[in-house]
Structures are given as C-alpha cells and as structure tokens.
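Protein chains: 2
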Amino acid sequence: MKHADRTQGLRKAVAIPSVSAQDENRKDVFRMAQFLASELEALGAEVHQRPLGKQPGKEHLDLPPVVIARYGNDKNKRTILVYGHYDVQPALKEDGWATEPFQLTVDSQGRMYGRGSTDDKGPVLGWLNVIEAHRKAGVELPVNLLCCFEGMEEYGSEGLEEFIQAESKSFFKDADAVCISDNYWLGTEKPCLTYGLRGCNYYSVSVTGPAQDLHSGVFGGSSHEPMTDLVHVMSKLVDTHGNILVPGIMDLVEPLTEEEKALYPNISYTMDDLHQSLGSKTSIHPTKERTLMARWRYPSLSLHGIEGAYSAPGAKTVIPAKVIGKFSIRTVPNMESKDVNKLVFDYIKAEFAKLNSKNTLDVWLQHDGKWWVASPKHWNFSAASKAVKQVFGVEPDMTREGGSIPVTLSFEQATGKNVLLLPMGSSTDAAHSINEKLDKRNYIEGVKLLGAYLHYVAEEPMVAA
Amino acid sequence: MKHADRTQGLRKAVAIPSVSAQDENRKDVFRMAQFLASELEALGAEVHQRPLGKQPGKEHLDLPPVVIARYGNDKNKRTILVYGHYDVQPALKEDGWATEPFQLTVDSQGRMYGRGSTDDKGPVLGWLNVIEAHRKAGVELPVNLLCCFEGMEEYGSEGLEEFIQAESKSFFKDADAVCISDNYWLGTEKPCLTYGLRGCNYYSVSVTGPAQDLHSGVFGGSSHEPMTDLVHVMSKLVDTHGNILVPGIMDLVEPLTEEEKALYPNISYTMDDLHQSLGSKTSIHPTKERTLMARWRYPSLSLHGIEGAYSAPGAKTVIPAKVIGKFSIRTVPNMESKDVNKLVFDYIKAEFAKLNSKNTLDVWLQHDGKWWVASPKHWNFSAASKAVKQVFGVEPDMTREGGSIPVTLSFEQATGKNVLLLPMGSSTDAAHSINEKLDKRNYIEGVKLLGAYLHYVAEEPMVAA
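Protein chains in written order, with full-length UniProt numbering: chain A, 1 to 465; chain B, 1 to 465.
It cannot be assumed that every hint is accurate.
Any copy, or any two copies together, can satisfy a pair, since identical chains are not distinguished.
Here are the simulated DSS-like cross-link-like pairs (lysine-lysine), alpha carbons at most 27 angstroms apart as the crow flies [unchecked claim]:
#, residue 1, residue 2
1, K354, K288
2, K281, K358
3, K261, K75
4, K338, K354
5, K169, K370
6, K349, K316
7, K322, K281
8, K316, K54
9, K58, K236
10, K389, K27
11, K322, K173
12, K322, K288
13, K281, K349
14, K316, K281
15, K389, K136
16, K342, K54
17, K354, K236
In short, the hints are calculated from the structure, not lab data.
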C-alpha cells in the first residue's frame, strides 16, 4: 500500500471540523462519528454509536455518541481495548495558522498540518489502517480488537466515565488489556511507552473582611486587608525552588528505588529540550534526571492566581473585600487525596492563625484527580516495547507524564486491566495550538507500530498481570 | 426666602444628566454649563465659558468648558476663589435607585435624593444661593468672589490643571485664598474643616520567566514560576496589621507633635462609625484616635491585585508566564515621591535577589500624586471655623482625609494661597453610589455657612498667611 493511500482516511477525517467545544460544530462532531462508524463497518467490524444523552448545562445539545466496535471474537485470542477520540480543539485560520486548519496539508518535510492530525485523529485512523492492512494482505488479526472512540474529549469527556464503568461489564468485558494512543513522545526521535501520570488536587483559599470593596485612600491603614493576608498565606506554600512547604507532604511520596532511578539516565532528553519548551533558561534543576523526576515522580505546587483582586491593566486603588487564591498540587504515589487535603487545610489554617488577623479564611478542595502508575513489566508493555524495537530499531523510553489523562484511570479502575499509553506523535506536534501537525514518518511508522504491538501481544506468554 | 425657593435651582440642576463619563451625555454636560452661566449672569456676575479643546483619546468629543465667573471687583475687599464641579457620576434607575436619579425627590425626613445632589451640584448651587440671598436682601457681598466650576471632575479633570496654572496669573490672580466644597463631614452631625489629604504612589512589580504560559502538570516542579516569586515579594511589603515593611519609609514621616495629637480626641468619630462603614469589625486599631491617625497622617500600603495570573472563577492549571503585582503607598508629610520610590525599588530588588530565582523582576512607579496639608491656623480656616460656630453652634472637627483630591494641590501650587476644604454634605450621602442624597438641613444650613464664611473672611485681620 502506498503512503498516499494511508493518509487518505486521515485527510477525510481532518476535513470534518468536529470541534466539541463549539455548539455550531456539534453536527460536525456527529458527522465525524458517522464517518468512523461507516469506515469500521466497511472493514467488517461490529459497530455501535452509543448516545450519552443531553449535554449537562447545554440541554439543547445532544452529546456526541461513543463509537464502539468489535473486530474479531476468537476465544483463543487476547482481546485489546483501544481508546481514542474523534473530536478536536477549535481552530481558525486567523489565529495564525499557516494553512487551512481543516485541510490536511503536507509540506516538503512530510509534516502533515491540520487540526486533529496528531490529537487524536491520526492515532484513531491508525487503528483502522492496521485492520485494513491485515484485510488487504489476507492476514488474520492476531488479537480481538475492541474500540472505544469518544467525541467529547476536548470538552471534559462528559458522561464517558460512567459509560466505561457500565460497558466494562458488557461490551468491554473480554478486554485483557487497554491501549491508549493519545499522548506524545518526549522528543522527536525516540518512541516512548508511558506508564505513569501525576494526579492533581486543586484548592481555593479565600479571605474575607469588609462587606464591600473599600477605597484604599479612605481605609488604607485602618482595616485588615484580605489581600495582604492571602498573599502572606500563599507565600508559605511553596518556595522559589519548587519545594512544597506544607509539612508532611513529602513524607507521603513513594521513595525512589535504585531500579526506578536507573531508568532515567537512558531517557532521550536534555536540558536544552527543557529550555526550548520553556522559551527561557528558568529551569530549577541542573540535570535532566532530576528535572524528569520533578515532573513525573515528585509532587509540585503551583500558584495559579487570585480571584476578586484587581487583575486588569492599569491602576485601581481598591482594597478588595474578598479574594480567593487558587493553587494546585500535582500528586504522585502514594499520596492519598484525603491525606493531602488534611495536611494542606491544617497548615493553611495554622499559618493564617499566626497572622492574628480579624479577617476570615476558608480553604477547600475544588477538585481532585488521582495519579496513575502502571507496571511497565506487564506483557502489555513488553509487547509494545518489542514492537518499538522492531519498527524503530531502538528500545523505547519508559516515561511518565506530569499532567493527567483522566480516561487512563477510568479504564484501569473499570476494567481492572493493565493500561498502556502508546503515543504516535512527537513533542513538536503542537496539539491544542496553531499549526498542529503529525509527521508522516510518525504516522506511517506509527501504524506499523500499532500493528506490531498487536502481534507481540499475541505472542506474550500467558502469565498473571 | 422659603426653603422651597432655595431648592428650586438644585432641582433644575439635578434634572440635567451631566454625566461626563458617557459620550451620549456630553450635550447635557454642555447644557449644564450653560445653565450655570445663565444663572450667574442673571445674578450680575461676569461669566466666561472657557473651552478646553478636544478630549484626549476621544477626539470626536469637545471637553466641557470651565465656567469661570467674577462677582465684585473691590480692591478693598478680599477675593475668594471657589471651586466646584457641575458634572456627575453615571446613574441608572435599574442600578437600584429607589427614585428617578435625575429628579430631585425629597422624602419625609428631608433627604433630597438625586444624582449630583451632594456631589457637587448642591455646593455649587450653594454659592449661587449666597449671592442671590445678598442681592435680595440688598446687602453687598463682603468679598469679591471668583468661581471655577469644571465639567470633567468625575472623569479625570482632563485639562484642568493646565487651565488653573494659566489662569492663576490671569483671571484668578487676585485670589487671596481658595475654598473648595466637594468633600464630606466625617459623620452626620458635626461639620468639619479639612486641612490635609494623603498622596499616593502607585507601583507595578512584574516577574517574568518562561516565554509563554505553561501547563502546571507538564512543567510544575521543573521551572521557576513567576507567580511564586511575585507572591513572595509582595508578602514582604506589608504585614497583617498594616505595618509597612519597606525599611526607611516610616523615617520619612513627620513626627506627631503634642499639638496635633491634641486635635484627635475631640473629633466626633467612633469605632462604631468605622465598623459601620466597613460592614465588619475588621479594624486594626483599638481607638478612634489611632484609627484616624492611620487614615490621615500615617502612610499605608495596599496590595490591589495581580495582572496576568488566573483571576476568573473556577479552576485553571496554568503557570502564568508573566505576572504584574499592583500596590500603592498612601503618602503623608514629609515623604517625597522620589525618596519613597528609591526605598521601594531597592528593597524589592533586594528581596527578590534573596530568592535566588532565575526569573526576572522589574518594578516601576505607575503614577504619583503628592499629599497636601494646609495650615489650619490661617485666616481662611479661622473664618470658616467661626462660621461653623455661628451656624451650627459647635466647633468644627479639624479633619484630614486618607484619599486624594488632586485639584486641591493644583490650586495651592498654582496660586500659592491657602486652600480650605469646606464640606456641605455628610458621611451618609452616598456620592458615587445609588441613592445619592443631600439632607435639606445640610443644604440650607450649608448655604448659611458659605455666606457666614465670606463674612468672617472679610473680618479676619490682615496678617501673613
């Protein structure tokens, strides 16, 4: 099969502006679901478009369906459940795109530009290409394949968690392992397998005093100012070097073993890579090892901003009556949310008490999402590792990520099976930004990788996960 | 003369919605200028409407004229220059007004509701009433009166300072003293004379690091965060109890003399008054004396907010790339702006250096306005004090204010003469708010006060100011 043929499906998919965040594109999201379902049916799969009901808060809109499919039903084969999403981020040419965002445009370097090319239509079409390639070659797929493609990933995956929970006892019940291709290589040259994600506990801390905003000329110096207290409290949470100052937090962190430590030096990453992504040299740690550990396996605390204070350009001589600080802690094994909350709440209240202010402080959790770590020794990972070696001729980097991909944990918790993140795109793909692209090499070799992965999955010895 | 007659002019003035901030009302502001000019002419004054040119930044609009007038030109009399403004704040019934804002409505308690009633059409019409009363009684005004009524006070007094500078050598050159009636009593019962205002130095302090906002999941823990540094620096500026932590600032403050200290205990003000204005009991100081000193004669530092950080409701996991803290210091004698700036800049840079961050900090002055203190022993004040005693039967409170009224300093600097702030309205008048009002007692007795003040001015011995 020629490369041009392989990109044909992706070209059609990119041309459908399935932007889940914009009401006016909802029909396109449905159109994209239908496109996928038709393609899967044409390949001989059993396909369903499962409705998720009305969109909460926007009841005039139907949520896009989850497209689920089964290809193969052989009891003697392993069953792999793959996840992807067919909706995309918004994109307008005038935002600064060099090409039409909803028209796949390939440049002389083989960079395929288009919204959704790498996030996540490329990987989704990749799975379809694998099936198609096997059919055309007359080769039977070595595993049963279950697909779960959603249409609301870029807008909060509304309704998906409950759906996965329910189908884990039904349509997804045979799954032996899960594979998600919706993240990125650490760099541009070397593939990776991702086995961990940090969680996130997001907090608000409010300080209130006067009944309404005050004029700083009239009242400055005579009244306790909520903003002063809040800034003092927020300054006690984290230092310039990223050290979390909340006592006890670091005691919850799983100690670094020699075995884990040994993974870092081989990872294809440099401090220059970090400085390039930052656009500055404001790195905290001197080495790549310590940097990657800080991002992947240690918690961090970021101060995001303050609600209620003056935030516009210019000058306003206001004493804000109520201010709400926002901060979050990225969590890692073995930090349990409730333990983190208790440490944070107790500490903040104690620090505020020290101020001896007549203002009132409150602190609460806005939301939390748990960290996730899979066993990279599971056959699911071994198979993927061998596939990388076969297709790319290198051992993959074993990576974690600092951010969260909530669906990962949903699948693990619902199915109880090992989940593997097997990315197709590279670190330069600019998902969510202007000029999103997927390199043709990543796509073509990526399709081979997904196919090879399924073959190695079939060959892995039957041992307990 | 009946009271109803006296409020007739005010009723007509309030009916003209001379809102300077709204383009569509500019014609009404001009109409109000014409109304004042006609009234003054009818009283026999020499009147001019002086154009100020186009409005900077809104060149399709003409600035409203300054209405200047002279009443009397007797070389043997003192000449008093009075200032007021004929424009008003915006007002809409639907903002929560109980009555039509541009229709003077008197309730059974004699509260005269209407936009501009107290700020500043009541006092302006008050001066006209004084002239009229003398004419009707056939009594010659004991002083020459110069009027300066502007129409842009509620929108930055565009162009006024230069105008005052120029006219101080021309139309205003005979002025022996200045009287401004555009502030308020400290409470509701006892008149006051105001002899001081705090100044204000407004600062911005920025911290920059990465080239663009970062995802806290991906980069949290590996990069210096500008928000962390800024919050640390801002926390070093002022403590919960209002103490300015910038070393050297308090050394610039004029020491409290026994004489000044003796002014405070008699002032009609209570901690309950403060708590009522705050809508809370979050006062810093235990006594009214210390509270009033904190507002009037000591500097204060307020943290207003942060530009560039996340300020909306909800949650966003952003590491802002550039944040700008806003704070201001209310200044008092003898704090010179440039000395304050040097102390602030040096201290902030030193505190930032201690953090040992790779981010970049900058700090600058956004704007400054000088404090003002007049001699309350000047004949201008003695005359006003005697007038209060005659009309109200009490000694006035000698007050200062924590905020700034820039025109005060403009007149003092341009004319070199003593400036007196002689308020008509009370602390409950709600200038700038919904349901602005002026009590009929304050208006009727206030007109008597302005008249009596001019009489005592004429009687004060001729001594050096």
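Each hint tested on the structure:
no. : hint         : verdict
1   : K354 to K288 : between (39 angstroms within a copy, 26 angstroms between copies)
2   : K281 to K358 : between (42 angstroms within a copy, 8 angstroms between copies)
3   : K261 to K75  : neither (40 angstroms within a copy, 95 angstroms between copies)
4   : K338 to K354 : within (24 angstroms within a copy, 35 angstroms between copies)
5   : K169 to K370 : within (23 angstroms within a copy, 74 angstroms between copies)
6   : K349 to K316 : between (30 angstroms within a copy, 24 angstroms between copies)
7   : K322 to K281 : between (36 angstroms within a copy, 15 angstroms between copies)
8   : K316 to K54  : between (43 angstroms within a copy, 25 angstroms between copies)
9   : K58 to K236  : neither (40 angstroms within a copy, 46 angstroms between copies)
10  : K389 to K27  : neither (42 angstroms within a copy, 79 angstroms between copies)
11  : K322 to K173 : neither (51 angstroms within a copy, 49 angstroms between copies)
12  : K322 to K288 : between (42 angstroms within a copy, 25 angstroms between copies)
13  : K281 to K349 : between (36 angstroms within a copy, 20 angstroms between copies)
14  : K316 to K281 : between (34 angstroms within a copy, 24 angstroms between copies)
15  : K389 to K136 : within (25 angstroms within a copy, 106 angstroms between copies)
16  : K342 to K54  : neither (37 angstroms within a copy, 61 angstroms between copies)
17  : K354 to K236 : both (12 angstroms within a copy, 16 angstroms between copies)
Violated hints, listed in ascending order, are 3, 9, 10, 11, 16; each of the other numbered hints is respected by the structure.
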